[in-house]
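Asker: Sequence:
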Amino acid sequence: MTAPIDQAELLRRARGRSRTPAPGTPAVGPVPRATAPGPAPLSHAQQRMWLMDRLGQGGPRYHVPLATRLRGPLDRDALATALTGLTDRHHILRTRYGHQDDRPHQEPAPPAPVPLPVRDATPEDAAALLRAEAARPFDLAAGPALRALLLRHAPDDHTLLLTVHHIAVDGGSLPVLAEELGALYAAAAEGRPAELPEPELQYADYARWERARDDRLADAAAARAARLTGAGPLPLLRPVPPGTPERRAVLHSAPLTADTMDGLRRLGARHGATAFTVVLTAAFAALRAATGGSDLVLGCAGGHRARPELRRLIGLQVNTLPVRARLPEPDGDPVFTELLAVVRTALLDAQEHHEVPFDLVVERLGAAARGADGTPLLAVSCDLVHPAEPLTLPGLTAEAVEVDLGLAKFGLTLLVEDGPRPRCLLQYDPAALDAATAGRLHAVFADLLTAVATDADRPLSGLPGERLLGEQPTDAQPTDERPTDERPTDEQSADAQPVGDHHPAVAALLADPRVTDAALHLAEHGPALAYATVSGPVAPSGAELRAALRRRLAEPDALPLSVTLLDRIPRRPDGALDPGRLPGAPTAHLDTVRDAFAELLGARPPAEGDFFGLGGHSLVAVQLAERLRVRLGLPLTGLDVLERRTPRALAALLAERAAERAAERAAERAAERAAERGSGARRPASGFGAAPATRAGTVLLTGASGGVGAALLQELVAQGRPVRALVRPESAHLVAGAGVEVAEGDLADPDSLRRAVEGAETVIHAACTFTEHAVDLAAMRTLVEGWRGTGGFVFVSSIDAYGRPEPGEVPEGGPSAGPLTPYGQAKLDCERILLDTAPSAPGPVAVVRSPIVWGPHRRLRDQLRWGATGALYQAALAGRPILLPEPAAGWAGASWVHSAALARAVTASLGDAPGRIVNAVTGHVSWADFSAELVRLLGSSSTVAHGPDAEAELLRPWSYRADALAGPLTPEPGEDWRAVLAAMTALPAGTH
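Each residue of the sequence shown is one higher than the last, beginning at 1 in the working numbering.
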C-alpha cells in the first residue's frame, strides 16, 4: 500500500466555502528560498519523526520501502548515477539530523555517490531479503535517509529496493521521486545531461518558513484544541505501555467488487463528497455500532501540497488531522446519508485547518490528549489508498513488489484499497485490540461498505453493525493456569496484605498468574505505590502490570501511581509489609525533579502533577530526562518520563536507580577485597587505584559499566592495556580511574561513538540494548566504519545467534537454525556487519559467542530473574514447586561462563581466533543440579519434580564446544558454578 489518495477536491471545496481565512487559520504567504546554506530547524512533522527515533519508538514502521521487479537489460552504472543525481538535486535525501541546546536541527551532507550494492538472489529468496533490508535501521545523525539494494535474479531480471526514512519523504513525494529517477536514468544511459529544471525549493526552505509562523500556528492550534475539548479515545482499544519498542501489525483483508467501488464513488458524487468521505463515514458508522458512542474522533492524513511551490517538493509535508464527528445518539436511527452529511462537514472543517501541526494541538490539549488510562486521543485512523506504483525505467518492464514490514502506527486503522482488485482492510496492533474483536469489526466494515454502495438511504439499524464494547476479549488477559485450589480468592488476596487492606489493586495484581506476591504502600501524604514479585520465563514489567490494572480496576482512583518489581517483598514477622525496607524513598530527588519541571514547563508542579496535564510533550520529555541525567548522574530516558508522568513517580524511579548503583559499587568493592585476599600470582586489577604499566595502543571498551564490561575492564587494566571506556555520562564515575580514559556516550548517539572509536587501536564491543535492535545494529555499523586501528576488533555476541539447532553438541561457528529470538537475530546481524568487513579490515576481527554470564556483579546476579533461569529462581524464592522437563526428553540445562573467564577469553580471542566465530563457555549445568543448588542456597522449601508441563524455555538440549579458547577459559580458583552461584545469591536483593 502507498500513501493516502490526494484529497485536493476536498481542499478546493473547503477553500470555496470562504475566500477569507477561517477563525484560527494562520495567514499564508509565499515560501522563500534560503540565500545561504546552513543548519535549519526541523518542521513540525520532522520533529515528530525525530522524537520517535530519539524515544526508541520509531524504527522500521517509519521506513518507506519502494520495491520494483525490473525485467530487461538494466544498466547498473546508469542507475547508480541516477540515484546520485537524485540526492544531489534534493538535499533532504542526504540530510543529517543533529541537536544542540536541547533542540534538533537538520543540515545536508555534501553530495556523494549513492552506493548500489548488488546481491544474487533467487526470486523465492527475494521477499525475505527485501524485508530485512527495508527494516535495517537508519542513523539519522549520520545520514543519508535513502539507501538502495539491487537483487539480481538473472542477467535480465532484477529487483530494485529503495528504502527512505519517512522523515525525508511522504506519499506526495514518491511520484516526483519516481519520475525524476526515470529521467536521470535515461540521461545517464544515453550519456547526456538530464533535462530537468532546478528544484524551486529545498525542504529546509519549507521548514524555515513553517517555523517562522510558529506564533500564528500556536494560536491556530489553541483554536483547534478547543474544538476537541471533551473528546476521548475510542474505548474499544486497550492501553499500550509507552515503552513498547515495537508495535506489530495484523492485517485482515476482504475483497470488494468493482461495482461496490463504483457505488461508493457515485454515492459521494450525489452528496458533494469524495469516495474517501464515504469510506470515512462507513468507518464512523461501524465504530458507532461497536462502541455505542456518538462522539468519536478518527485520524486521517492531510497534506500541504495545495500551494503551487510545494507540489514538486520532496519531503515530509503530511499532517495528522483529527476528525471529530458528533453522531446521532445510539437510540436514534438516522439513515446513512444523514451520517454522511455530518462526517463531510467535520472532515471539511479539519481540512480547512490542515496546516495546523497536530503536535501543537496535542501540546495545547495537554492531559486531554489522552484518556485516563494513557491511551492517545488519536489511536484510530482511516484511509483510502491505492496499490503501489512501480519505479518505471526506460527500456525495462516494471512490476511493483509489496514489502510489508508488519508494523502498526496506530492501534487500529480502517482502510479501503482502490485499484484493479479493491480490498477492504483492517490493520490492528494486537497489544491494543484482541483478534476476535478485530475480525468481527473488519467483517462489519466490509459488509457495511457493500451495503451502502447499493442503498445508502437505509437507516443504520438496517445496516451491518455489531456491539463489541463491554465483552471480555478472548485474548485480552493472561489465563491463570494454576489449579483452582491454588488460586487466591478475593478474600485471601486482600487478607494477605495488612497494608492497604482490601485494596482492589492488590487483589487485581494477585489475580494475574504471573504475579506471586503483591503489596500496596499507602503513604500519609502521597499516592499509593504498588510492589510485586513476578515469575515466568518472560515476566512482565512494572509498566505492563500497571497497564493491566488500568483495564481491571473499575475505579480510576484505585490505580496506584507505579508498580515496582522486587525479588522479595519485605515483610515483618507477622506478615505485614515493612515500609522501612522498601527501596527508593520517593522524596529523595523530588525537589530536583520539580525544579527541572519548572524550568521547562514554566511553573513548579505539585508532586502528583501529571506531565501531560502540565503541558508536557515528547520533546519536553527528552529535554527533562537529559537535564536530570546531568544533574543527578543517574540513568533516565524520555520514555521514563512519559511512563512515570509525575514528579513523585520520577523521583521514586531515580531513588531506585541510585540504590541499585550503590549496591553495585558495594558488590564490586567486596569482590575487589576478595581478590586482594587471594594468593594467586595472577590477580586482576580492581578499583583502578594504581596506574598500570601501559603499552602502546588504546583499547576502546563499550559496556564497561555492566557486569561483563566490568570484568573486561579489570582484565585489561591488569594486563597493562590503556583503556578508553565508553559509558553514559551518568555512569562515568563507575569506571574512572588511573589508566582508564572515559569517553562519555551512548549506543543511540552515533556522534559519541565516532568520537570514542577515533584513534583506538583495538575495539572490544560488549554493549547492547537488549531490546532496541535497530540501535544495536546502527551502533555496530558506526563502530566498524570508524575503526582504523590494527590491534583488532572483537564483538561479544551470544549463543542465541545459533538459534535452535539439532539437540546435542553445537560446534563453534556452526550454522544458525531458526527460529531465532529477536535478541539472537540482532546479535547475528551485528556479527555479519563485522565479519563482512574482515577481508578489508585494518586488523583482525573476531566474534565471541557467550552463554549466560555468571559472576560477582550485581547486574549479572539480576539476570537470574529472567530467561531460562528466571522461572526456577522465582519459584525457589517463593517456595513453590519447581517443575523440570522429563528425563526422557534428554539432557537439558544451562550453558554458562564465568565473567572473569569470559574476560580472559575475549582479550585472547584476537590472537587465538582471528576472523572466526568462537564460543566462550565454562561449562554446562543440568536443570536438576541448578535447581537443587538454588533451593539450598536460598533456604527454600521448594520441591523439585519432572513433568510434561515444564516451561518450554527449559527445553535446552544443547552443549556448546569451546575449543579455540580452551586455555583462557580454564577455571581459576573460585570459578566453579557452585561458588559463583553462591556469590550471586548472597548479593543484596534489588529493585527494577
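Just so you know, the hints here were simulated from the structure itself, not pulled from any lab data. Yeah, the Cβ is synthetic: ideal placement off N, Cα and C, and Gly gets one too. Treat the hints with care, since some could be wrong.
As the list claims (entries may be wrong) - What follows is a set of in silico ranges between Cβ atoms, one per label pair, in the way DEER data are often shown:
1) D963 <-> P394: 54 to 60 Å
2) P394 <-> T821: 21 to 27 Å
3) S840 <-> R211: 23 to 29 Å
4) A132 <-> T970: 36 to 42 Å
Asker: Taking the hints in turn, state whether each one holds.
Answerer: Hints, one by one, checked against the model:
Distance hint for D963 and P394: a CB-CB separation of about 57 Å, consistent with the stated range 54 to 60 Å. Restraint check, P394 to T821: a C-beta distance of roughly 46 Å breaks the suggested window 21 to 27 Å. Separation of S840 from R211 is about 43 Å and departs from the stated range, judged on CB atoms against 23 to 29 Å. The given range of 36 to 42 Å is respected by A132 and T970, whose C-beta atoms sit roughly 39 Å from each other.
Against the hints set out earlier in the document, violations occur for numbers 2 and 3.
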